[in-house]
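Undergrad: Heads up, the sequence shown is in the working numbering, so the first residue is 298 and it goes up one at a time.
Hints are not guaranteed to be accurate.
Calculated cross-link-like contacts (lysine to aspartate or glutamate; reagent style EDC-like; alpha-carbon spacing at most 20 angstroms) [claimed, not checked]:
1) Lys-305 <-> Glu-366
2) Lys-305 <-> Glu-344
3) Lys-305 <-> Glu-359
4) Lys-305 <-> Asp-319
5) Lys-305 <-> Asp-338
6) Lys-305 <-> Glu-347
Since the hints were made in silico from the structure, they are not lab data.
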Amino acid sequence: MRLRLRAKLITIHGTARGVLADLSVTGARIRLHEPAPPAGDALLQWEGHEAFGMIVWVNAGECGILFDEPLPETLVLDMRDVEACPDEREQTRTAAAVFVSGRAGFSPQPRSSAPFGKR
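My request is simple: use the sequences and hints to build the entire structure.
TA: This is how it looks when you write it as structure tokens:
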């Protein structure tokens, strides 16, 4: 089932964040925001769920996981109702709008009327 949910992939090499792009009872495809870890054992976390498995392929910022135990079919079907995270184009457009509006970066702190060092 094609999805677009925030996900985290944890391996002995570290943690990678990305988007859960496909999910089935036997495995998943994840698009990662950072370089994919090498094949091996992994823990996939998404939307309060997690599954142990093995990274069985890595290609161009994506990887595939074969789960150790099949997921319940109801869990996979329930993911249809979870709100998708914005796609990359939408995130870029939103970031550009925030930048152009002058709201990007920092929030100025209110100025104190106390002399320097007396705040």
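Undergrad: So, for every hint listed, does it hold in this structure?
TA: Evaluation of the provided hints:
no., hint, verdict
1, Lys-305 <-> Glu-366, "holds (18 angstroms)"
2, Lys-305 <-> Glu-344, "holds (10 angstroms)"
3, Lys-305 <-> Glu-359, "holds (13 angstroms)"
4, Lys-305 <-> Asp-319, "holds (14 angstroms)"
5, Lys-305 <-> Asp-338, "holds (14 angstroms)"
6, Lys-305 <-> Glu-347, "holds (9 angstroms)"
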